[in-house]
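Chains as they are written, first to last, in the numbering used here: chain W, 1 to 501; chain Y, 502 to 653.
You can trust all of the hints, since none of them are fake.
Not the full set, but computed from the structure, chain Y residues with beta-carbon under 8 Å of chain W: (1) Phe-515; (2) Ile-526; (3) Ala-541; (4) Leu-552; (5) Phe-555; (6) Ser-556; (7) Lys-583; (8) Gln-584; (9) Ile-594; (10) Glu-602; (11) Met-618; (12) Met-621; (13) Leu-628; (14) Val-636; (15) Val-647.
Read the hints as simulated data drawn from the structure, not as lab findings. Source: prediction; values computed, not measured. In this text, a Cβ means the ideal position worked out from N, Cα and C, and glycines have one as well.
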Amino acid sequence: MLVTIIHSFGDILTFTNLAAIFLGLSFGTLFGAIPGLTATMGIALVIPLTYEMSPVTAFAALLGAYKGGVYGGSIPAILINTPGTPVAAVTTFDGYPMARQGKAGKAMDIALWSSVIADFFATICLIFFAVSLAKISLKFGPPEYACIMIFALTLVAGVSGDSMIKGIIAACIGFLFATVGLDPMHSSPRYIFGTVSLMSGINLMVMLIGLFAISEVLIQCEPKPDDIKDKISNLSKIKDRATWSEIRHCLPIIFKGTVLGILIGAIPGIGPTTTSFLNYSEARRTSKHPELFGKGSLEGVAAAESGNNATVGGTLIPLLALGIPGDITTAVLLGALMIHGLTPGPALFITNADFVYPIFASLIVATLFLPIVGKLAIRLFSLITRIPKNMLFPTVAITCTMGVYGLGTSFTDLKMMLFFGVIGYILRKFNYPLAPLLIGFILEPLGERAIRQSLAISQGDPGIFFKSPISILFLVLTIIAVIVLVYINRKTADQSKRTLR
Amino acid sequence: MMKDLNDLISSGFFLLLSVGLFFFITPNFVEVYNNMGLRASFFPNIATIILFIFSLILLLNSGLRVVKAKRVSKDFSNFNLKQIRPFFMALCILIYIILFEKTGFLFSTPIALIGMMLLMGQRHIRLLAVNTAIVLGFLYFVFAYVLNLNLH
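I would like the entire structure built from these sequences, with the hints used as guidance.
This is the structure in structure tokens:
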């Protein structure tokens, strides 16, 4: 296989293919960096341009756009507290606080290198273990999903900041917002108040932009005392780069995020957002300085970005090896494969080896191009920091409004965005953390569907959650996580008491 | 002191919200009865109960701290109009959404953008004009040409 891949590099190293990868990456990064425009949208827009291309060139461009889109979301997440894509939501937790401390350049560097390293190893795993990993992923059914979601919920404690009570309240609010719409099993309407447009629920991107971007615009409108003005002017110190020792310090977290990203990405239906949440939680749990998470930790940025970028390689595993799309983006890629006359699945590796191995080679080339495109994007978007804030934030408000309009050309979505903006502003003023709200909102639909499906399968017997070794493993991990979190919180409380004395 | 008062107000609001949801809104869900799983109201009720419990804890904690404190006073003498600027910004965004719906992108965007920049204190006419032109041109190109959206 190794020889075949080396030979396929010869196919991919042509001007047309390299240009397709570079342009796909650039287009994806641009789309990822504009709030509201997602990687999926970028890929969907590239598809019509690939009709006349060979399948290999077409997929080189499409996968470039996918990688660029996932990475690009981190840039506005760090610079203006607005995740460009939902997967970059976790990057805001530490990226933006770093930018406020004058370390935006460092944060963007770490985000880029975490993305590159995670992406590279995920691609290697995809090449060598695609078929065997895909077979393992098929062992995950609703009970296993449910246990993963229960495990992921322990993250609420990790991102609650100073008050765990407020974090849990915020998570409950997010949980309740996620139940708006038709219920996933019987389609009973919940909290729609007779509004037809609420039947499909609340769009994640609308909520994200409202909660993070619009609330930030409202916060920035407040008259600021001088010390805070100084912090904002720190944003312009963008040339501060991450050193090799800082990158090396984050390497264990990046590798852990890569493994988690590949494993979870290979399970259809979970997606990169949950992966980055899980990896962030895991990084905080094992960090020597968990108290810095949420306040501007380099490790936090590395965990978020490595987790979501490794998922790119992970989600391609079930797509190529089994023909199962893990999320909406890979569903679009599946459509593109079919447009080009290819049927994904185990047979693809035998009947279309001349397509599969050059695609693997193109993924490696795209990973090697990512630092170049990333550095260019950082330079371009860093210009944002030179814009006076009384011009920047109105522009952000207008761009976000248009981004939300672009999602579904719905004016109800725009009103929802403003609603969440005001909610986010009020919660921030009352010192409620927004991250648990987001976690509740993202995990509720996945968890509810998995738990209800499991109970439907077992005729209402909860014993189904204790039957498979995978479920038991995640339940044990949940118990360990809770014990560790209680220990960390007690330790932090003791430390702060000692400091007060 | 101010933090405790904020906690008291917010926890009181969430307590009322959870009671309202649990007793008045969630019971009105259309339920499909079966013996194979959970009903549509199960997860909203769980979230509401947890919300109630933790809001009550926060209310009691912050309430006790407020009662123990010697005085509750707030100085309103330094109030100025700039402090309610976020309210006006939210209003500007709402007006923009309504104008966009009624009149389209090209008419509403320059008005809203200039209005917001003026609200945030930008008074330099050349900067106002240049930024408006760049933002309008870029967004129109991306959304009307690349994404092929109808902007009226």
